[in-house]
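Make a model of the complete structure from these sequences and hints.
There are 2 protein chains.
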Amino acid sequence: MLDATSSYNPMDLRIPVADRTGHRTVPETTRRTESLPGTRYGNRPTMKDVAARAGVGLKTVSRVVNGEPGVTPETERRVQEAIEALGFRRNDSARVLRKGRTASIGLVLEDLADPFYGPLSRAVEEVARAHGALLINGSSAEDADREQELVLALCARRVDGLVVIPAGDDHRYLEPEIKAGVATVFVDRPAGHIDADIVVSDNYGGARDGVKHLIAHGHRRIGFIGDMPRIHTAAERLRGYRTAMEDAGIPVADSWMSLGVTDPERVRRAAREMLSGPEPVTAIFTGNNRVTVTVIRVLAEHTRPVALVGFDDIELADLLNPGVTVVAQDAAALGRTAAERLFRRLDGTLLTPERIELPTRLITRGSGELPPAD
Amino acid sequence: MLDATSSYNPMDLRIPVADRTGHRTVPETTRRTESLPGTRYGNRPTMKDVAARAGVGLKTVSRVVNGEPGVTPETERRVQEAIEALGFRRNDSARVLRKGRTASIGLVLEDLADPFYGPLSRAVEEVARAHGALLINGSSAEDADREQELVLALCARRVDGLVVIPAGDDHRYLEPEIKAGVATVFVDRPAGHIDADIVVSDNYGGARDGVKHLIAHGHRRIGFIGDMPRIHTAAERLRGYRTAMEDAGIPVADSWMSLGVTDPERVRRAAREMLSGPEPVTAIFTGNNRVTVTVIRVLAEHTRPVALVGFDDIELADLLNPGVTVVAQDAAALGRTAAERLFRRLDGTLLTPERIELPTRLITRGSGELPPAD
DNA sequence: TACGAGCCTGACAACGTTGTCCAGGCTCTA
DNA sequence: TAGAGCCTGGACAACGTTGTCAGGCTCGTA
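Protein chains in written order, with this note's numbering: chain S, 260 to 633; chain R, 260 to 633.
To be clear, the hints were calculated from the coordinates, so they are not data collected in a lab.
Among the hints, a few may not be true.
Which copy? The list can't say, so a pair holds if one copy fits it or any two copies do.
Said to hold, decoys possible - Quick list of in silico lysine-lysine cross-link-like pairs, DSSO-like style, CA-CA up to 27 Å:
id : residue 1 : residue 2
1  : K438      : K307
2  : K358      : K307
3  : K471      : K438
4  : K471      : K318
Since we're looking at a predicted model, the values are computed, not measured.
Below, the structure written as C-alpha cells:
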C-alpha cells in the first residue's frame, strides 16, 4: 500500500543474456543497484493468515484449498469465508518447491512470429493443457547461445519438460539436465551430440519429391534457394534436391544452388542471378516459407513464366496466379507429436529415445506444373 | 536412477480446466491415484550437496552461484569444481519463493496460431527478455472461462505481471490480484468493469477510413462482415462502418451487415448472400484477417468484380490480383507498447491506468480501388 | 604485544506450502 | 459402560534458497 516506490528489480533473478548480439539488454531505467528485500508480492495473504482469521489450523486451510477430504462443512465454510475476505490465492511457487513438480513445460523455438511456429506452439500448448501444464516459451532467434540461455533458464525454473527446436548443433550442455530428469524432445531439427527424442518432417523425401515433380514436368535446369546449410532442415532439403537431380541424370551447376540467410534481399539477388545469364533456370525449388514468399515476388516481376515448388505451405497460396505448389509439412502435428511424446516420457512409460519422422505432402496448385519456357 | 516408474502426476498441481468444452482433459494414462511423494526433480543436487562436497558452508555456495563478493579465489574454485562435478543448477523455484519476484510475466491471448498474435507475442517476449523476464503464455480460445482459468493460474504462479487480450468482458475477478501487486495491461480489447491499462488499435477510426475509401471510389452498397458483436474490436469496427456510411448519407440495409463467428462456412454464406439478391453489394469491408481470407476466396469464384477492403494486413496481400487493400494495425507495436507499460508499472514509475490507442494505416493495393460494377 | 579494522565464512531463520503423525472427541458395538 | 475405530484438526518438519548476523582470521598500527 504505502510502498509505491517498489521498483522492479529482478537484476539477479533475470535470465543470463549474451551480449554478443550487440543489442542492449538492460535498459537504463531498470539498472538500480540497491536491493529491496521488502518487495514481497504486495504482501499477499498466506494460508497462515487465512488460518488465523478462520480460527483453524494451517493444515486445515491447506485441506480446504486442495479439496482434500476430512473437513466439516462448517469448518470449510469458515475457511472459504476467510479466503474470500482476504483475497487469498495459493502461492504455487511454494507449492512447487514442496511438491517437486512445476506442471509446466518449456518450448524454445526460433521465432514465435514465424507463421510456421504459431500452429506448432499452439499444438504443444493444447497437449500441455490437457495434461494440466502451463507453457513457458521463448524465441532463440536462430542463435545457439540464446537457445542455451533460454533452455538453462527454463531448467533452473525446473520445468518438467522441454520441447526444443534447436538453433545450435551441440546440445551436450543439456546432458546433466536430462540425466536429472528433465524430459526433452527436439522438434523440427535433430539435436547435436546427444541421445534424445527427435520429431522431424521428412525434409529429404519432401524436397526430393518436390524436385521430382518439377522434373516430371519437363524441367532440367532447376534452381534451389535455401537457408543456411548449417541448419539441418536446409541441408536435408538440399540433399533431397541433389538426389532427385542425380536420379534423373541431371548434372547440377553450382550457380543453380544458393544457400544462406533467408533475408529478402539476399534471396532476391540469388533468384535474379539464377534467372539471368546464358543458361537460366526454368524452375526454382525454394527451401522454406520465407524464401518462397520472396521468390514469388521476384517471379511476379519476371516476364518469362518460371515454375516454382516451395517447401512449407503458405497462406493464400491457392489464390495466387498461378497457385503455388508446395511441399507441406504439418506444423501442428510436429508440435503435437513432440508434446505427447514428452508427456509419455514424464509418465515414465517411455524409455528409449527415438527419432520420429512425419511425412510431407505435395500440394499441386499450378506453379509447379508450368512447363519449361525454353 | 532406480525409480524408472516415476509417473507424471501433477493431478493437483494442474491448472483447473473447465469441462464445458466437452473435451476430455485428463487422459486415462495419467489417472493414477496413488501419490508418489518421492518424485523429486530426479534428485538433483542442491547447494547443500555442493557445500558438503566442497567442504564449505551453504551460504558460501550461494555466494559463488550468485557472484556475490567476499569469496577467496581458492574457495570459489573448490565450489565451482563441486558444482561442475555434481551438475548442480540453482533451483529458481526456491529462489523465487525466497525473493518474492518470479521474473516472469504471463501473456494470455486468443490463439497463438493466429498470424495476428505471432508478432504481438514475439514483441512482448522481446521486451520481457530485455527486462530479464521469461514469458508464460496461453491461449484462451476466445472462451471467457478459459481466460479466467489461465489468468488465475498465472497469478498463482506469481507472475510479476500480465498482458491479457481479453476474451471475456468482465474482469472483476482480477481486482484482488491487481490490488495485490500483479501489474496488468490489457491489449487489443478493453477490460470489463475494471480500471486498468489498455492498449488498443483505433478500430473505429480505421474501419471508418476503410469504408470511406470505398465510398470515395463510388461505392454505395457496401457490405460489412465481422466477428461476433460481443467482441469489442468487432463492435468498434462496425461502428466505424456505420459512421462512414452515415456521414456519406447512405442508408444501410440490414442485409449488408453480417456479424458472427468467423468460421469460413458462415462467412462464405454471408458473403454469397450479400452478393446475390436484387440489390447486391458492390463492395465489402471485412472485419478481420480470417474473414478477409475467406471473402477473397469467395470473390475469386465470383464473376463480377467486387471491391474489398479488409481490416488487418495479410501476407501476400500485395501479390493477389488485384492486391488487397487493407486497414493495417501494427500487432508488434501493440505488444511492445503493452509490455513496456507493464514494466514501467513494475518499476513503480507508473501509477494511473491509461488507455492508449495506436493508429491504423490504410494500405491501398487495388482491391479497394475497384469501381462499382453496376 | 595488544587491539581494532576489515575480510571471509558459516549457522540460522525465513519464504509459503504440503506430508506425516498424533491427539482428542465422537460413534458404534458388545 | 467400556473399548475399538473413525473422523476432524493441528503441530511440525521439510522443500532449496537467500538475508542477517556473528564469529574467526589476518593484518597493520600503537
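Hints, one by one, checked against the model:
no.: 1; hint: K438 to K307; in the structure: between (37 Å within a copy, 20 Å between copies)
no.: 2; hint: K358 to K307; in the structure: both (19 Å within a copy, 19 Å between copies)
no.: 3; hint: K471 to K438; in the structure: neither (43 Å within a copy, 63 Å between copies)
no.: 4; hint: K471 to K318; in the structure: neither (68 Å within a copy, 65 Å between copies)
Checked against the numbered hints given earlier, the structure breaks hints 3 and 4 and satisfies all the rest.
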